[in-house]
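Enquirer: Generate the whole structure from the sequences, applying the supplied hints.
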Amino acid sequence: MPFILRRLLFYVVAAWVALTINFFIPRAMPGNAVQSVMSKFTNLQPAAYKALQALLGVGHAGSIWSQYVSYLNDIFHFNFGTDVSQYPASVSSLLAQTLPWTIVLVGTATVIAFLIGTGLGIVAGWRHGGSLDRVLPGLMFLQAIPYFFFALILVDLLAVKTHVFPTGQGYDNGLIPGWHADFIGSAIFHSLLPALTIILTSIAGWMLQMRNVMITTIGEDYVIAAQAKGLSSRRVVFSYAARNALLPQLQGFGLAVGFVISGALVMEIVFSYPGIGLLLLNAVTSNDYPLMQAIFLVITFAVLIANLIVDMIIVFADPRARTREATA
Amino acid sequence: MTAVLPISAEPAALPTEEARPGRWRRLPTKAKVGAVLLGLFVLAGIIGPFVMPYDPSFQNPAPDLSLHAPYATHLLGTTQSGQDVLSQMLEGIRLTLILAFLVGVIATVLSVIVGVTSAFLGGVWDEVLSLLTNVFLVIPALPLLIVLLGYLQDKGQAATILVLSFLSWPWGARVIRAQTLAIRNRDFISAARETGERTWRIITWEIVPNEVSLIAASFVNTVLYAIGASVALAFIGVTDLNSWSLGTILYWAESQQALQLGAWWWFVPPGLAVAFIGMSLVLLNTGIDELGNPRLRDAASASRIAGHWLRPADPTPVFGEAGQRGRLGGFLHSFSRSSLLDETDRSQAR
Chain A
1 MPFILRRLLF YVVAAWVALT INFFIPRAMP GNAVQSVMSK FTNLQPAAYK ALQALLGVGH
61 AGSIWSQYVS YLNDIFHFNF GTDVSQYPAS VSSLLAQTLP WTIVLVGTAT VIAFLIGTGL
121 GIVAGWRHGG SLDRVLPGLM FLQAIPYFFF ALILVDLLAV KTHVFPTGQG YDNGLIPGWH
181 ADFIGSAIFH SLLPALTIIL TSIAGWMLQM RNVMITTIGE DYVIAAQAKG LSSRRVVFSY
241 AARNALLPQL QGFGLAVGFV ISGALVMEIV FSYPGIGLLL LNAVTSNDYP LMQAIFLVIT
301 FAVLIANLIV DMIIVFADPR ARTREATA
Chain B
329 MTAVLPISAE PAALPTEEAR PGRWRRLPTK AKVGAVLLGL FVLAGIIGPF VMPYDPSFQN
389 PAPDLSLHAP YATHLLGTTQ SGQDVLSQML EGIRLTLILA FLVGVIATVL SVIVGVTSAF
449 LGGVWDEVLS LLTNVFLVIP ALPLLIVLLG YLQDKGQAAT ILVLSFLSWP WGARVIRAQT
509 LAIRNRDFIS AARETGERTW RIITWEIVPN EVSLIAASFV NTVLYAIGAS VALAFIGVTD
569 LNSWSLGTIL YWAESQQALQ LGAWWWFVPP GLAVAFIGMS LVLLNTGIDE LGNPRLRDAA
629 SASRIAGHWL RPADPTPVFG EAGQRGRLGG FLHSFSRSSL LDETDRSQAR
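Listed in order, the protein sequences are those of chains A and B.
Here my numbering is used: the first residue of the first sequence is 1, the next is one more, and so on.
Here my numbering is used: the first residue of the second sequence is 329, the next is one more, and so on.
To be clear, the hints were calculated from the coordinates, so they are not data collected in a lab.
As the structure is a computational prediction, the values presented were derived from the model and not from experiment.
All C-beta atoms, glycine included, are put in the ideal place defined by N, C-alpha and C.
Wrong hints could be hidden among the right ones.
Here's a subset of chain A near chain B, in silico, CB distances under 10 Å, partners left out [stated by the list, open to error]:
(1) Ile-25
(2) Leu-72
(3) Ile-75
(4) Phe-78
(5) Ala-89
(6) Leu-120
(7) Thr-285
(8) Thr-300
Expert: Below is the structure:
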C-alpha cells in the first residue's frame, strides 16, 4: 500500500478513536451534567433539556448503539447541537465564527516559526560550536516558557507600558468585520503580538531539533564525499546535508503541531483574541459541555489535517516515502 | 583527546560507568547546570512550608497591603486581597513539583509497560499497541484534558494527576518500543532465552536495565510536559482553584487584572519559576542526550590538539575556522584513528 494511503487510513482510525472517546466521555463521567447545565442557565427551554439529554446521553431512549449511530450521523453533517450558554445559537455557528481567526493566526505563525527555526538550525548545525551555539541556553529558556506567560510579558511591556501594540481583541472595536482595508489592516495589526508570541516561543524547539539532526547528518559519508568532490559549501549544506536532515524535522513537525496549537489556544485567552481558544475558555467557565466537546473534535480534526499535509510534503520531499511501505 | 575518548567509547548507561568515580565531573556542563537549578527548586519545594512567612491564603484586610510592591516584609509583594505572593510561590512550587513528579512516574511506568510489551509480543499485539500509541500521539492532549476535567465535578489534584498520566504515556512508549526492538535480538537476550529464563525475567532483568538512560530521558520529558500542561490547565481554571500551585497563582493574577493594574510582582515570579524549572529539565535532558551522543557535545568539551580544536569523537569535517583549512582538516580527519572510532561507535549504536 502506498505511503500516503496508509497514512490516510491511519488518520481515519485516529479520527474514529477521537469521535468514540468524545461519545463516551459524557456517558462515563460521574454526576448529572444535564442537571448542572440546566441549573446554570435558567433561560433554557424544556426543548433544550431534551436536546441536551440526547447530546450528553442521559435518559436517552435508544440503545447505546443507536445513540452512537445517530451521534456519528450528526457529526457527519456538522451538527454539534445547540449551544447552552449562548442559547439558541448552534454550536457550529459559534465554531464557524471563531475558527478562521485561529487557523489564520496560528497557521501562519507556526509555519513562519518553523521556517526561521529550521533555517537557524541548519546554520547552527553546520557551524557547530560557532556563535549561534552561544545563544542556545537563551533559546532553551524561551522554549521552556509557557506560551501564555510569554504573552503576558509581551502585553505588559509592549502594550500596557509602552502602547506600541493593542492589548488584545482581534480588531478595533469601532470597526465592522468585513473584507475592507480598514478592518483587514486592524486585524493584522492586532494579530502581530500574538503571532510574535508563537514565533518567539516555538522557534527554539525547531532550531534545536534541526541543529541536532544536522550535526548527525554532517557526519554521514555522503556529505564527506560531497566535500571531497570539491562541491561548494553552500551546495553541500543545502543539497546534501539539510535536504536529508529536513525529513526527520518534518516528521517532528507533524507530531508537534498538536502541542503548538494547544499552547496557542491558551495564549489566545491572554490576548482576548476572538479565536477558538477564547471560546474554549468561555465554554469551560460556563460548564458549556456541548461546546467543549465540539471544540475538542474540531481541534483534533485540524491537527489530523495538518498532519496529512505534512505527510504530503514528506512524500514530495522523500523519494523513499513514495516507494517504501510506511511504518504506520 | 585520549583523555576524553573513554566517554564516547562506551554507552553512558552501563553499570560499570556508574561505579567509576568522578561521574559528576564528566557530566556535560548543561546537565550540571540543569541539575543544580532543579535542585534549588526541589529544595524550595521541600522546605517551603516551613519557611513560609505567611499563610498563602490569608487575606490581609489592611488597605495599603492590597497590591503592595515588593518590600522588606513582603519580599514578593502582595496580591489584590493582601495575600503574600512569596508564600503562595513556596506552596505553589511544592504542589506543582509533586504533581509533575507523580505524573512522570505513572506515565513512565505506563509507557515502559506498553512499549516493552508491544515490542516483545510482536505480531498483532504490536500492531494494535503501536497503532494505539500513534493515535494518542496525534490526538491533541490539552483539549481532551480540558473536556475530561471539565466533566469532573471534583477537580482535585488526584483527578488531574490521573488524567494527565493517562494522556502522557505515548511519547515514551514509542521510543521505548523502538529501543526494545533493537535490543530484543541481541546475543545476550538470546543467551538468556537459551538458558531457560522466563520472559518476564528477561524483560525486567535484561531489557529494562539496558534502557535506563532512555527511560530517564522519557521521565524528564514527561515531567516537563506535566508542568506545562498542569500550569496551562490551572490558568484556564480547570483545576482545584482553592489550592496553591504555580498555575493557580497565575489564574488569580489574570482573573483579577494584575496585568492591567501593573502588578508585575504578582504574575512574573510564578511564570519565571515555571520557565526556570522547565529550562532546568530541558538542560538535564540535553545533557543526557549529549552523554549518549558525543557528536552533540559543544565546543566547551573540546580539547586543543596541534592548533585545532577537536571535540570528543568529532565526526565533522568542518570545524574550528571554517573555509579551506577547516575542510582540509576535516578531510584529513576522516583518515585518522578517531574517525574510525566514529564508525565503530555508529555501528555499535545500531
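Enquirer: What are the numbers of the hints that this structure violates, sorted from low to high?
Expert: 2, 3, 4, 5 and 6
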